[in-house]
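Trainee: What follows is each chain in one-letter form.
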Amino acid sequence: MGAALDTERDALGKQGGTTEGSVAVGVTPSTPKKPADARVQRTLSRDPEAFGAITGREEEWRFTPVARLRGLHDGTASATGVLDVTVTAPDGVTVETIGPEHKLVGTALVPADRPAALAMRDFKEGQLIRISGELTEPVHVSLVGHGEVSYGHLVVDLAPFAQAVVILDHTGDATHSGGVELRVGDSASLTLVSLQDWDNTAVHLSAQAARLGRDARFKSVVVTLGGDLVRLTPTVSYAGPGGDAELLGLAFGDAGQHLEHRLLVEHGAPHCKSRVTYKSAVQGEGAHSVWIGDVLIRPEATGTDTYELNRNLLLTADARADSVPNLEIETGEIAGAGHASATGRFDDEQLFYLQSRGIAPDEARRIVVQGFFAEILQQIGVPSLEERLLAAIERELGRVVVEEASQ
Amino acid sequence: MATLEIRDLHVSVEADNAQQRQILAGVNLTIKAGETHAIMGPNGSGKSTLAYSIAGHPKYTVTSGQVLLDGEDVLAMSVDERARAGVFLAMQYPVEVPGVTVSNFLRSAATAVRGEAPALRHWVKEQKEAMAKLEMDPAFANRNVNEGFSGGEKKRHEILQLELLKPKIAILDETDSGLDIDALRVVSEGVNRVHAAGETATLLITHYTRILRYIQPDFVHVFVKGRIVEEGGKELADELEANGYEKYVGVAV
Numbered sequence: 021m022g023a024a025l026d027t028e029r030d031a032l033g034k035q036g037g038t039t040e041g042s043v044a045v046g047v048t049p050s051t052p053k054k055p056a057d058a059r060v061q062r063t064l065s066r067d068p069e070a071f072g073a074i075t076g077r078e079e080e081w082r083f084t085p086v087a088r089l090r091g092l093h094d095g096t097a098s099a100t101g102v103l104d105v106t107v108t109a110p111d112g113v114t115v116e117t118i119g120p121e122h123k124l125v126g127t128a129l130v131p132a133d134r135p136a137a138l139a140m141r142d143f144k145e146g147q148l149i150r151i152s153g154e155l156t157e158p159v160h161v162s163l164v165g166h167g168e169v170s171y172g173h174l175v176v177d178l179a180p181f182a183q184a185v186v187i188l189d190h191t192g193d194a195t196h197s198g199g200v201e202l203r204v205g206d207s208a209s210l211t212l213v214s215l216q217d218w219d220n221t222a223v224h225l226s227a228q229a230a231r232l233g234r235d236a237r238f239k240s241v242v243v244t245l246g247g248d249l250v251r252l253t254p255t256v257s258y259a260g261p262g263g264d265a266e267l268l269g270l271a272f273g274d275a276g277q278h279l280e281h282r283l284l285v286e287h288g289a290p291h292c293k294s295r296v297t298y299k300s301a302v303q304g305e306g307a308h309s310v311w312i313g314d315v316l317i318r319p320e321a322t323g324t325d326t327y328e329l330n331r332n333l334l335l336t337a338d339a340r341a342d343s344v345p346n347l348e349i350e351t352g353e354i355a356g357a358g359h360a361s362a363t364g365r366f367d368d369e370q371l372f373y374l375q376s377r378g379i380a381p382d383e384a385r386r387i388v389v390q391g392f393f394a395e396i397l398q399q400i401g402v403p404s405l406e407e408r409l410l411a412a413i414e415r416e417l418g419r420v421v422v423e424e425a426s427q
Numbered sequence: 098m099a100t101l102e103i104r105d106l107h108v109s110v111e112a113d114n115a116q117q118r119q120i121l122a123g124v125n126l127t128i129k130a131g132e133t134h135a136i137m138g139p140n141g142s143g144k145s146t147l148a149y150s151i152a153g154h155p156k157y158t159v160t161s162g163q164v165l166l167d168g169e170d171v172l173a174m175s176v177d178e179r180a181r182a183g184v185f186l187a188m189q190y191p192v193e194v195p196g197v198t199v200s201n202f203l204r205s206a207a208t209a210v211r212g213e214a215p216a217l218r219h220w221v222k223e224q225k226e227a228m229a230k231l232e233m234d235p236a237f238a239n240r241n242v243n244e245g246f247s248g249g250e251k252k253r254h255e256i257l258q259l260e261l262l263k264p265k266i267a268i269l270d271e272t273d274s275g276l277d278i279d280a281l282r283v284v285s286e287g288v289n290r291v292h293a294a295g296e297t298a299t300l301l302i303t304h305y306t307r308i309l310r311y312i313q314p315d316f317v318h319v320f321v322k323g324r325i326v327e328e329g330g331k332e333l334a335d336e337l338e339a340n341g342y343e344k345y346v347g348v349a350v
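These protein sequence lines are chains A and B, in that order.
The numbering of the first sequence is the working numbering, which starts it at 21 and goes up by one.
The numbering of the second sequence is the working numbering, which starts it at 98 and goes up by one.
Keep in mind that the hints were calculated from the coordinates and are not lab data.
For glycine and all other residues, C-beta sits at the position ideal for the given N, C-alpha and C.
One should not assume that every hint holds.
[To be verified] One side only, chain B facing chain A, incomplete, derived with CB under 8 Å:
| # | residue |
| --- | --- |
| 1 | H154 |
| 2 | L186 |
| 3 | R204 |
| 4 | A206 |
| 5 | A209 |
| 6 | E213 |
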C-alpha cells in the first residue's frame with residue numbers, strides 16, 4: 021500500500037474540550053470497511069423531503085443547538101425579507117439576479133441536509149456573479165441583514181483561466197439560510213473570503229460548495245466572529261485532475277455563541293491536493309466552537325495529497341471546543357493523507373514569559389492570541405481586510421479584559 | 098546604584114499530593130550593580146527556584162522573607178511590574194510563542210520596559226546591531242519566538258533581550274547548559290558587555306564551572322538544600338571544580 025498515513029491528536033486541555041476522530045482505510049474497493057457515520061453514503065438531494073426531520077440526535081446535528089435555529093431547519097421559518105446584497109466589482113464581472121430554476125443552480129452544490137434543500141427551494145432573489153478575466157481588484161459582496169428571516173443563494177462562476185478574489189461580507193442581524201456555489205473552471209483560480217461579522221443576535225446557515233475544474237486552484241478563508249448561531253458546511257469536490265484547494269478558517273466565539281464549521285473535501289479525481297487549517301478561540305460561558313473535518317478519498321482519486329489541521333484555544337474555563345477529524349480512504353495509491361487536532365487552554369508559561377519581559381497581562385494575552393491566528397490572517401492577502409480582522413480580534417479580546425477587570 | 102537584597106527568603110512549591118514542599122530555606126544575598134555573583138550548587142538544590150521566585154513565577158509561593166530592589170518590595174509586584182522595575186530572568190528553557198516574531202516580541206518588551214515605544218528607525222538599528230554582536234543572522238528577527246530554535250539560538254535570544262532591555266538585575270539561569278563552545282563564548286561576551294556598562298547586577302546560576310572561564314565572578318556562593326552554605330571569591334569555584342559538592346551536601350541539613 022502506498023499510503024502515507026499520519027494522524028496526530030493531542031488534547032492539551034484538561035476540561036472544556038473534546039477531541040475525537042477516525043481514520044478508515046478500505047484496502048481495496050471490493051472490501052469496503054466503513055465507519056458508522058461514513059460520508060460515502062450521505063444523502064444528496066434538492067428535495068427537502070428526502071431528509072428526515074432534525075431532532076439534534078443525528079450525527080450531523082449532535083453539536084448544534086437546533087432549538088436556536090428558529091425554524092430554518094424544519095420549514096417553519098417563512099421568509100419575511102431578504103438580505104441587502106450589494107456587489108462591487110471591477111470590469112470583467114457580470115452580476116445578475118437569479119431564482120431556483122436557473123440552470124447553474126444546483127450544479128456545484130447539491131444539498132446534503134434539509135436546511136440547505138429548503139434554502140435552495142425557497143430563495144427568491146439569488147445572485148449569479150460571472151468572472152472571465154484575471155481580476156486585479158477583489159469582488160466585494162456585502163450582505164446586510166435587517167432582522168428579517170431570509171433565504172438566499174449565490175453562484176460564482178469562473179471561466180477557465182479566470183482569476184479572482186471574492187469577499188462575502190455578512191453584517192447586521194438576520195435569520196438567514198443561503199447556499200453558496202463556486203464553479204471554478206479549468207485552470208482558474210478563486211480566493212473566497214467569507215466573513216461572518218454578524219451582530220450577536222443573528223442565525224446563519226450556509227452550505228458553501230466549490231467544484232474545481234482541471235488544474236483549478238481554490239483558496240477559502242472563512243472568518244466567523246459574530247452571530248448567535250452560525251453553522252457553515254463548506255465542501256470541495258474535484259471535476260478533474262490537478263485541483264488544489266486550501267481551506268483556512270478562523271472563529272472567535274464569545275459567551276453564548278455557537279460557531280460551527282463542518283467541512284467535507286471529496287477527492288474524486290486523481291492528483292488533487294487539499295489543505296485545511298482551521299483555528300478557533302472561545303471565551304465566556306456557553307461559547308462553543310465546533311469543527312468537523314471530513315476528507316473522503318474515492319477509489320479513483322489516486323495520487324491524492326491531503327492534510328487537515330484544527331487548533332482551538334480555550335480562553336476561559338467555561339468555553340467549549342469540539343473537534344472531529346475524519347478520513348475515509350478507498351485507495352492505497354495516494355501521496356499522503358493526515359490530520360491533526362488539538363484543543364488547549366491558555367498557556368500560562370507563554371504568559372509568564374511575556375510578562376517577565378515587562379509586558380502587561382492583557383497585552384500578553386493579545387500577543388498570544390494574535391500569534392495563534394497569525395497563520396490564518398497572514399494568508400488572506402487583502403490588506404484592508406487583514407486590518408479590519410485584527411481590529412475585530414482586538415475588540416473581542418477587549419471584552420474579556422473588561423470582564424475580568426469588573427469581577 | 099542598583100541593589101538587590103534577598104532576606105531570609107523561604108519558598109515552597111505545591112507538590113503532587115497538593116502539599117506545600119519547602120524548597121528555599123532562608124536565602125540571604127545582597128547584589129549590587131557592577132557585581133557578578135555566581136550561585137553554584139548540585140541539581141535539585143533550589144537554584145532555579147531562587148531565580149523564578151525573584152521573577153515571580155506563579156508556581157512558587159514565598160512563605161517568608163523579603164526581596165528588595167533599591168528598597169522597593171519586589172514580592173508585592175506582579176511579574177510584569179518586576180520586569181519594568183528592572184528584574185530580568187534569562188531562562189534555561191524559554192517557551193515558544195507561535196505566530197509571534199522575534200522582532201515584534203522584542204519591540205513589545207522594549208516598549209513595556211522603557212515606558213514608551215522606541216522610535217522605529219532607531220529601534221531597527223539598535224536591534225540589528227545587538228544581533229550582530231551576538232553573531233545572529235538578521236533573518237532570525239522574522240522567526241517565531243523560540244519556535245524551532247536550537248539550544249544555542251534560544252540562549253542567544255535570551256542574551257539579546259538582556260542587552261536590549263538593560264535591566265538593573267540580571268538573573269541567568271543555567272545559561273551555559275546546552276551550548277557548544279562557540280555559542281558559550283558568544284553568549285558570555287554578551288553578558289560581559291552588560292557587566293562592563295556597570296549598571297547591572299548579575300546573578301549567574303550554574304551547576305558547572307565551565308562558563309566561569311568566560312565570565313569572571315566577583316563572588317561565588319555554594320547553594321545546597323535551599324540556602325547558601327559557603328561564600329567566597331573566584332577561588333571557591335576552582336575548588337568546586339576540583340572537589341565537587343560532596344563536602345557541602347553533608348553539612349547543609
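Trainee: State for each hint whether it applies.
Mentor: Evaluated hints:
1. H154: holds, 6 Å
2. L186: holds, 6 Å
3. R204: R204 (chain B) check fails; min Cβ-Cβ to chain A is 11 Å, beyond 8 Å.
4. A206: holds, 4 Å
5. A209: Holds. Min distance 4 Å.
6. E213: violated, 12 Å
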